[in-house]
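Peer 1: Spelled out, the chains give:
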Amino acid sequence: MSDLVDAFATAFRLIVDLDPDLVEIVALSLRVSGAALVLAALLGLPFGAAVGLLRFRGRRALIVLMNAAMGLPPVFVGLVAYMLLSRSGPLGLLELLYTPTAMILAQTALVTPIVAALTRQAVEDLADELDEQLRSLGAGFAQRAGTLLYEGRFTLATTLLAGFGRAIAEVGAVIIVGGNIAHLTRVMTTAIVLETNRGDLPLALGLGIVLVSLAVLVNACAQGVQEVARRVES
Amino acid sequence: MPALLGLLLLLAVSPAPASAGDFLTLAATTSTRDSGLLDHLLPRFQSRTGIEVRVIAVGSGRALELGRRGDVDVILAHDRTAEDRFLAAGHAGLRRDVMWNDFVLIGPASDPARVRDRPGIVEALRAIAEAERPFLSRGDASGTHAAELRCWAAAGIPVAASARGWYRETGSGQGATLHVASQLDSYLLADRATWRSFRSPGTLRILLEGDPLLHNPYGALLVSSARHPRAKEALGRQLVDWLVSPEGQAAIGAFPSTDDPLFHPNVRPSAPQTPSGDDPA
Numbered sequence: 001m002s003d004l005v006d007a008f009a010t011a012f013r014l015i016v017d018l019d020p021d022l023v024e025i026v027a028l029s030l031r032v033s034g035a036a037l038v039l040a041a042l043l044g045l046p047f048g049a050a051v052g053l054l055r056f057r058g059r060r061a062l063i064v065l066m067n068a069a070m071g072l073p074p075v076f077v078g079l080v081a082y083m084l085l086s087r088s089g090p091l092g093l094l095e096l097l098y099t100p101t102a103m104i105l106a107q108t109a110l111v112t113p114i115v116a117a118l119t120r121q122a123v124e125d126l127a128d129e130l131d132e133q134l135r136s137l138g139a140g141f142a143q144r145a146g147t148l149l150y151e152g153r154f155t156l157a158t159t160l161l162a163g164f165g166r167a168i169a170e171v172g173a174v175i176i177v178g179g180n181i182a183h184l185t186r187v188m189t190t191a192i193v194l195e196t197n198r199g200d201l202p203l204a205l206g207l208g209i210v211l212v213s214l215a216v217l218v219n220a221c222a223q224g225v226q227e228v229a230r231r232v233e234s
Numbered sequence: 001m002p003a004l005l006g007l008l009l010l011l012a013v014s015p016a017p018a019s020a021g022d023f024l025t026l027a028a029t030t031s032t033r034d035s036g037l038l039d040h041l042l043p044r045f046q047s048r049t050g051i052e053v054r055v056i057a058v059g060s061g062r063a064l065e066l067g068r069r070g071d072v073d074v075i076l077a078h079d080r081t082a083e084d085r086f087l088a089a090g091h092a093g094l095r096r097d098v099m100w101n102d103f104v105l106i107g108p109a110s111d112p113a114r115v116r117d118r119p120g121i122v123e124a125l126r127a128i129a130e131a132e133r134p135f136l137s138r139g140d141a142s143g144t145h146a147a148e149l150r151c152w153a154a155a156g157i158p159v160a161a162s163a164r165g166w167y168r169e170t171g172s173g174q175g176a177t178l179h180v181a182s183q184l185d186s187y188l189l190a191d192r193a194t195w196r197s198f199r200s201p202g203t204l205r206i207l208l209e210g211d212p213l214l215h216n217p218y219g220a221l222l223v224s225s226a227r228h229p230r231a232k233e234a235l236g237r238q239l240v241d242w243l244v245s246p247e248g249q250a251a252i253g254a255f256p257s258t259d260d261p262l263f264h265p266n267v268r269p270s271a272p273q274t275p276s277g278d279d280p281a
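Same order as they appear, the protein sequences are chains A and B.
FYI, the numbering for the first sequence is 1 to 234, going by my numbering.
FYI, the numbering for the second sequence is 1 to 281, going by my numbering.
Derived by calculation from the structure, the hints in this document are not laboratory data.
Possibly wrong hints are sitting among the right ones.
[Claimed, not checked] Computed spacing ranges between beta-carbons, pair by pair:
#: 1; chain 1: A; residue 1: Ala68; chain 2: B; residue 2: Asp260; range: 16 to 26 Å
#: 2; chain 1: B; residue 1: Asp241; chain 2: A; residue 2: Arg13; range: 52 to 62 Å
#: 3; chain 1: B; residue 1: Pro229; chain 2: A; residue 2: Gly138; range: 55 to 65 Å
#: 4; chain 1: A; residue 1: Ala169; chain 2: B; residue 2: Pro229; range: 29 to 39 Å
#: 5; chain 1: B; residue 1: Arg85; chain 2: A; residue 2: Phe141; range: 22 to 32 Å
#: 6; chain 1: B; residue 1: Asp117; chain 2: A; residue 2: Phe12; range: 40 to 50 Å
#: 7; chain 1: B; residue 1: Arg96; chain 2: A; residue 2: Leu91; range: 44 to 54 Å
#: 8; chain 1: B; residue 1: Thr81; chain 2: A; residue 2: Leu79; range: 45 to 55 Å
#: 9; chain 1: A; residue 1: Val228; chain 2: B; residue 2: Ala234; range: 26 to 36 Å
Quantities reported herein were computed from a predicted structural model and do not represent experimental measurements.
Heads up, the beta-carbon is just placed ideally off N, CA and C, and yes, glycines get one too.
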C-alpha cells in the first residue's frame, strides 16, 4: 500500500519539478508516437478507404488479414524491424538502428493496420448509406473516398486515438530497435522497464502514472477539438 | 502517392543525430548500467576523448549476439567461455580484462534449506536441491546464468536436463528475477553489484558469498572491423584502452566509493599497495 502512495508522490514530484530527464523522455515519446501516427494515418486512411469502397478478388481474405494485423505483437514487429535495420541486415546501410527514426518505423508498422482496418469498416458502413447517391452524382473514386472519409471523421478521430494509444503504450518494439539508450532513444515505457529492473518500483509506478495522465490529456484535448468542431458546424 | 508523402514526412520528422560528434555503441551487461557504474564512467571518458558512448544494456549472451551481427562496437560482458568463443570466431580482435566482482547466493532470510551453514556454493546448492526449495534461474543466457549453470555442474546436479518443480527459469533480467524471488521466497544467484543497487529486496538476504567459484570477471571486447566493416573499431579501441588505463581503472575502483567499490579494477597499480590511499607516480 505504501508503495502506491510513494508512487503517486513520486509522480506528483516528477510533474511539479518538471524533472528535465522526464521532460526529455515525455517529449521523445510524443514525438515518436506522434510521427508514427501521422505516417500510419497517411498510409492507413487511403488504404482502408480503398478496401472499403472497391470490390476485387481476394478482398475478404485481405480484410481478415487487416483485422488480424491489428493484433500484431509489438515484440515481433520490433524483432523484424531489428533484423531489417541491423548492420548485417538488408537495410543496414541506412544506419538507422538505435535511432528515434527506427522507433517511428516500428510503431508505424504497429499502428497502420489499426487505422486501415477501422477505416475500412467505417467507410464501408457509410458507403451503404451514401455511395449510391454519390455515384448517381457522377463522383469519381477519389471524390467518393474523400467524401466518405469526411463524413466519417468523428469515428476516424477515435480510430486515430486508438492508434496513438497503441503506439505510446507499447514497449516491445521500441526497446528492441531503440535500445533504450539514455538521452537518445529512451521513452516512457522503456524507462518504466528500466526502473522496474533496478527495483525502484515507486519511480517506475510514478512514470507509469505520468504516462497514463498524458494519455488522458491527449484524449481530453481530442475530445475538446471534436466538440468545438461539431458546434461550429451546427 | 501517400507512401511518397509519408517518406517525405519521415525525413522531415526524423531528428538529426543527437550530436554531430563521434559516437560509438556499447553493449554492456545490465549489471554495469543498473548499478550506475556506466553513468559514473562514461562522462569521464567523453570529457577525455569527446566520444559519446551509446549504451545498450542487455545480458551477456544477447550483447555478444549484437556483436556477432556487427550492431555494436564494443561489448562489456561477464561470460568468459562465451567471450572466448566470440574471439575465436573472429568477431573481436581484442579482449581485455577490465574488472571483477562476485556472485552471491541470495535467499529468504528464513533460509529453509539452511544454506548459511554450508562451507561453499557446491554444498549450498546440494542442500537446496535436497530440500527441493524453490530456486530461480535467470534462464536468459546472461553471464550470471552461465555462472549459475557452472555452479550446478560443479555440484553434480543436472538442473537443466530435468525440469523439476523446485527449479524455475524466469527468462528475465536480474532485477525482474529478484522481484520474482522476493515474491516466491526463492533462492537465486545474483551479481553483487545489481543486488546492492536493487531497491526492493523484501525479505531476501545474502546467504553465502566468498566461494572462489563465485568469482565474476568482466571483459571488454572490441568488435573487429575486418569482420564487420561498419564497426567503429578505432573509436572502440579508445574506449577499451581507456577502461584499462590508470585513469579508467581508478574511476572503476572509486565507484561508488574507494572504500567499498562495487567493481574491482583488474589492472593493479604496479606500486605495492599501502594501507592509506597512496598515489603511485
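Peer 1: The structure should be examined with respect to each hint, and the outcome stated for every one.
Peer 2: Hint check:
At roughly 55 Å, the beta carbons of Ala68(A) and Asp260(B) sit outside the given window of 16 to 26 Å. The hinted range of 52 to 62 Å is not satisfied by Asp241(B) and Arg13(A), whose Cβ atoms lie roughly 41 Å apart. Checking the proposed 55 to 65 Å range against Pro229(B) and Gly138(A) shows it holds: the Cβ atoms sit about 59 Å from each other. In this structure the supplied range 29 to 39 Å holds for Ala169(A) paired with Pro229(B), their Cβ-Cβ distance being about 38 Å.
Range check, Arg85(B) to Phe141(A): about 59 Å between beta-carbon atoms, so the 22 to 32 Å window is missed. Separated by about 47 Å at the C-beta atoms, Asp117(B) and Phe12(A) satisfy the suggested range of 40 to 50 Å. For the pair Arg96(B) and Leu91(A), the supplied restraint of 44 to 54 Å is violated, since their beta-carbon distance comes to about 33 Å. The beta-carbon spacing between Thr81(B) and Leu79(A), approximately 26 Å, falls outside the hinted interval of 45 to 55 Å.
Under the hint 26 to 36 Å, the C-beta atoms of Val228(A) and Ala234(B), about 57 Å apart, miss the expected range.
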